[in-house]
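J.: Residue strings, one per chain:
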Amino acid sequence: MSTIKELIAQFREVADNPKKAMDDYKKETGKGAVGIMPVYCPEEIVHAAGYLPMGMWGAQKKNISKARSFLPPFACSVMQSVMELQLDGVYDELDAVIFSVPCDTLKCMSQKWKGKAPQIVFTHPQNRKMAMSAANVFAREEYAILKQKLEDILDVRISVKALKNSIAVYNENRAACREFSDLVAENPGLISLKDRHAVIKARWFMEKSRHTAMLKELNDLIRSADKVPFSGKRVVVSGILLEPDEVLDIFEEFGFAIVADDLAQETRNFRQDVPEDADPLMALAKAWTAFDGCSLATDADKPKGDILINAVKKYNADAVIVCMMKFCDPEEFDYPILLQQFAAAGVKNLQIEIDQETTSFEQVRTRLQTFSEVL
Amino acid sequence: MDSINVNEATSKELLGYFQAKLDEEAWEAKRNGKLVCWSASVAPPEFCVAMDIALVYPETHAAGAGARKASMDLLEVADQKGYNIDICSYARTNLGYMELLKQEAMSGEKPDKLKNTKAAYVPLPDLVITCNNICNTLLKWYENLAKELNIPCIIIDVPFNHTMPVQRHCKEYIADQYRVAIKQLEEITGRAFDYDKFLKVQEQTQRTVYWWNKIASYATRKPSPLNGFDLFNYMALIVCARSRDYGEITFRKFCEELEAKDQAGQYAFGPAEAEKHRVTWEGIAVWTYLGATFKGLKAQGSVMTGSCYPGMWSLVYTPGDLESMAEAYTKVYINTCGANRYEEFYKVVKSSKSDGMVMHLNRSCKLMGLLNNEGGEYVNKKMGIPFVSFDGDQTDPRVFSEAQYVNRVQALSEMMDAQ
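Chains R and P, in that order, are what the protein sequence lines are.
Throughout the first sequence, residue numbering follows this note's numbering, covering 40 to 414 in sequence.
Throughout the second sequence, residue numbering follows this note's numbering, covering 193 to 611 in sequence.
To be clear, the hints were calculated from the coordinates, so they are not data collected in a lab.
Ideal Cβ placement from N, Cα and C applies to all residues, glycine included.
It is possible that some hints are incorrect.
[To be verified] Derived PhoX-like pairs (lysine-lysine); straight-line CA-CA distance at most 25 Å:
#1 R/K168 / P/K339
#2 R/K155 / P/K573
#3 R/K105 / P/K226
#4 P/K392 / R/K151
#5 P/K310 / P/K222
#6 P/K294 / P/K273
[Stated by the list, open to error] If you anchor each label on the Cβ, the simulated ranges turn out as follows:
#7 P/A531 / R/R107: 21 to 27 Å
#8 P/L482 / R/K153: 35 to 41 Å
#9 P/K310 / R/E315: 57 to 63 Å
#10 P/Q272 / R/P342: 21 to 27 Å
[Unchecked claim] Every beta carbon over 10 Å from chain R, so not counted as near; a handful from chain P, in silico:
#11 I196
#12 H354
#13 P511
#14 K545
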């Protein structure tokens with residue numbers, strides 16, 4: 040039986056080397072991989088085709104140069120990084136790439152794809168609550184078109200049975216991820232923040248049932264591990280993603296443990312399951328309209344604040360740290376509302392700026408240090 | 193307010209009169225217990241007008257505040273509320289203004305910034321309506337308005353058209369949302385939807401759009417009797433009054449004036465020889481420096497004859513047909529795939545007989561800015577004409593640099609001379 044350390048090393052190997060993970064998958068299965076641009080692609084459809092869905096979340100501390108010709112400086116750093124990687128040919132071994140377009144930057148990115156792989160674009164409906172049934176029908180049709188295009192490009196047929204199976208596989212993975220996040224929260228200090236991130240990030244580059252199997256093993260080990268004394272502060276983090284890893288190191292340096300996240304790269308993907316439905320494409324559509332709490336999923340009720348405040352209570356957290364992706368206006372719009380809700384609920388909070396490209400962390404360090412002293 | 197003789201007034205007088213009248217009507221509605229709705233600029237007004245709900249347009253209000261050099265004060269209010277400086281400046285101007293109105297409503301006292309602002313005084317809304325055909329920013333902005341004011345939000349979601357022509361399921365989804373919006377309005381007003389009036393309002397909208405498009409057609413004449421920058425001014429009525437007859441009356445008069453000018457041999461810059469170049473402007477106006485951007489081009493003898501921006505209100509559809517109306521509202525060029533968008537841009541450049549293109553890389557508008565180069569290169573390949581880009585912003589005066597702008601339009605002029 041593996042130890043926690045050994046298992047985490049395996050997750051980290053995948054999270055740090057997506058290319059190798061993809062090559063291994065191709066070697067093992069004889070099938071290929073499909074790139075998944077952020078955010079909220081119904082990647083179960085790709086999984087049902089037998090291909091490996093590969094998350095495209097940019098790269099940490101990537102030097103941006105060629106992308107400057109195609110994006111102004113006020114596009115977010117994930118997209119700058121994805122553009123640079125496209126131009127470097129990093130995505131050229133993918134068999135297809137799927138773009139969703141829930142923000143204005145992604146709409147434009149979807150129209151300037153420079154990779155060699157064929158590209159599929161789909162649109163999420165945004166009138167998800169007041170016009171839910173119409174939105175479900177629309178999303179189902181978009182997913183049906185996506186599926187058809189994918190079948191044509193990959194020359195495979197995706198059966199209803201395969202898709203239902205993939206949804207079950209993904210829901211099982213979601214449950215395991217939720218359990219992992221909760222177990223880490225119960226024993227802060229046992230798993231480093233970088234390791235927590237690597238375990239979750241690895242799901243973007245692994246066939247999900249394999250990720251689930253490894254994660255269940257890890258969860259069992261964490262459950263039976265001794266409690267590590269922890270005297271730091273428990274925080275909930277919210278944002279698009281929390282990278283580069285150096286930022287997580289600074290969190291730890293000042294004694295912060297992440298007891299729950301609300302990140303588009305992490306928990307927002309597994310907070311809710313895909314519901315049961317006889318029609319699997321409709322099930323995926325309903326998952327989107329039922330989804331709550333992301334800035335990229337329109338909802339005039341703006342439930343994110345309540346979700347975060349509830350998480351603070353549930354996980355006995357000391358504060359929320361909003362990790363604001365630089366130039367991500369959907370997230371920036373949510374912030375002033377969050378501030379009011381946090382003030383009303385007495386939730387302590389801090390905003391830090393996230394820039395995937397950055398190699399200078401002094402500002403984040405200062406802010407986190409000051410915040411730790413305030414707490 | 194004083195009345196106006198529509199037969200004798202100039203189009204410019206009509207424009208000023210109707211703009212003020214719209215604000216006055218919104219206040220009157222408020223006083224009489226009727227509803228006021230804040231609306232996104234290309235959201236369909238037909239439903240609210242049919243239900244006798246007064247409309248106020250935050251984008252136009254923000255643009256006006258920018259043009260009157262009043263946006264900075266409002267941007268600061270938004271800044272203090274936690275709105276990041278990278279957010280669309282229309283949204284920040286409006287959310288700042290909304291905050292001042294809210295403070296006034298809650299305290300009964302006008303905050304100093306509201307007392308002193310040169311921005312038009314408009315009432316708080318009872319509901320909002322938004323549509324994302326020109327950006328998804330309008331979804332986030334209106335979410336916040338609805339949340340801050342605890343009022344209903346009507347959303348018309350027009351999905352990004354990654355495939356053109358507009359697909360059937362897109363039209364059906366939008367038409368279904370129209371039906372949901374009607375139901376929402378019935379619930380909000382407590383009255384049955386007036387379908388007869390709705391048809392008449394749709395017909396009125398089509399007449400207004402006809403005359404709006406007719407104005408732009410004068411810029412296809414060479415020399416052009418139309419100074420394209422005038423479209424930025426008259427735009428207020430295609431935004432705020434396209435479902436009323438105010439726009440139709442004003443635009444018709446403007447067309448008559450342009451016709452008369454053309455007959456008299458008077459053009460955008462006066463005599464025919466003053467028109468040295470014709471350019472297409474891509475992007476929203478720099479409202480805080482409207483005069484400077486105009487003069488920069490005029491100094492080079494460059495008449496702005498083309499712009500896709502005013503064409504966003506070319507909302508042509510068949511009254512009585514919700515799917516036709518759905519298609520009109522979704523096929524706004526920036527809500528379509530690159531191939532269609534660049535071709536639409538090319539059509540404007542070509543029909544306006546432009547010799548060059550000025551691209552506004554607008555800090556506030558990612559959807560309009562991030563594909564500027566691709567559009568420019570597409571047209572350059574087809575027509576061989578040059579383009580330049582400058583950094584600016586629609587209502588945040590801190591982003592625009594007049595020196596850079598002048599430099600770029602001079603460079604464009606030299607390139608056009610060399611053609």
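J.: Would you mind marking each hint as holding or not holding in the structure?
T.: Against the structure, the hints come out as follows:
no. : hint                        : in the structure
1   : R/K168 / P/K339             : 15 Å, holds
2   : R/K155 / P/K573             : 23 Å, holds
3   : R/K105 / P/K226             : 56 Å, violated
4   : P/K392 / R/K151             : 42 Å, violated
5   : P/K310 / P/K222             : 21 Å, holds
6   : P/K294 / P/K273             : 13 Å, holds
7   : P/A531 / R/R107: 21 to 27 Å : 24 Å, holds
8   : P/L482 / R/K153: 35 to 41 Å : 36 Å, holds
9   : P/K310 / R/E315: 57 to 63 Å : 58 Å, holds
10  : P/Q272 / R/P342: 21 to 27 Å : 25 Å, holds
11  : I196                        : 39 Å, holds
12  : H354                        : 4 Å, violated
13  : P511                        : 22 Å, holds
14  : K545                        : 27 Å, holds
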